[in-house]
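The chain contents come next:
There are 2 protein chains.
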Amino acid sequence: MSKGLKGFWFAKGTLLEDIPVELLEEIFETICLSDNVKIERIVSRGHASPEGFWYDQEWSEFILIVQGSAGLKIENERDIVALKTGDYLNIGAHVKHRVEWTDPACDTIWLAVHY
Amino acid sequence: MSKGLKGFWFAKGTLLEDIPVELLEEIFETICLSDNVKIERIVSRGHASPEGFWYDQEWSEFILIVQGSAGLKIENERDIVALKTGDYLNIGAHVKHRVEWTDPACDTIWLAVHY
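Going down the list, the protein sequences come from chains A and B. At position 67 of the first sequence the residue is numbered 66 (numbering that gives the first Met the number 0), and the sequence of numbers has no breaks. At position 115 of the second sequence the residue is numbered 114 (numbering that gives the first Met the number 0), and the sequence of numbers has no breaks.
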């Protein structure tokens, strides 16, 4: 992070590096946080949500697949939503969802904006 | 966009498709909007900010290079900040900045989160 003359700031990082060799569990890292917004990097390696688990959040979430692919199950939707690199999904508050699968052959890197 | 049984919703899209063949000016598209947050896709093809132009925003901005590369000039910083695919930059409100260059050989696709 660098402070400008007025005390303001900017910060640079990357989503594609600094991934552990071992990845027993998915990684969730907060890379930006304010009163209104939390931005996370998520790294999955063939992971899926535990059996019977559903995300049910009080806030909306925008997710982007930066690398890899994933399948999300949305409550009351028949088909799994398949996402590949560059695809995004905007999920309203209390829309229950779960990760059915992520790419087993490469790391799937997500950007998640909670707002 | 799809409405669940409770009237809640989700919406899917992609950042890497639906790019015009001709791209005389950069494209700015709002893909998510709430009271607190605006998320845009930006597509540049060798574009840069006009001579002497600086962004000076009342809100913070998180940018991610989804594809391509770019160089940003930050006020009072000597070096241009070079960004490649997967790199992000978090820019505080009123940190003046401008786009010095974007990749001339391919489309640069940005995700911008204004918050």
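Think of the hints as simulated: they come from the structure by calculation, not from any bench. Only a predicted model underlies this, so the values are computations on that prediction, with no experimental measurement involved. Be aware that one or more of the hints could be misleading.
In this list, chains with the same sequence are indistinguishable; a pair is considered to hold if it fits within one copy or across any two.
[Said to hold, decoys possible] Each computed DMTMM-like pair below joins lysine to aspartate or glutamate, with the alpha-carbon atoms no more than 20 angstroms apart:
#	residue 1	residue 2
1	11	76
2	37	76
3	11	86
4	83	34
List, from low to high, the hint numbers that the structure doesn't satisfy.
2, 4
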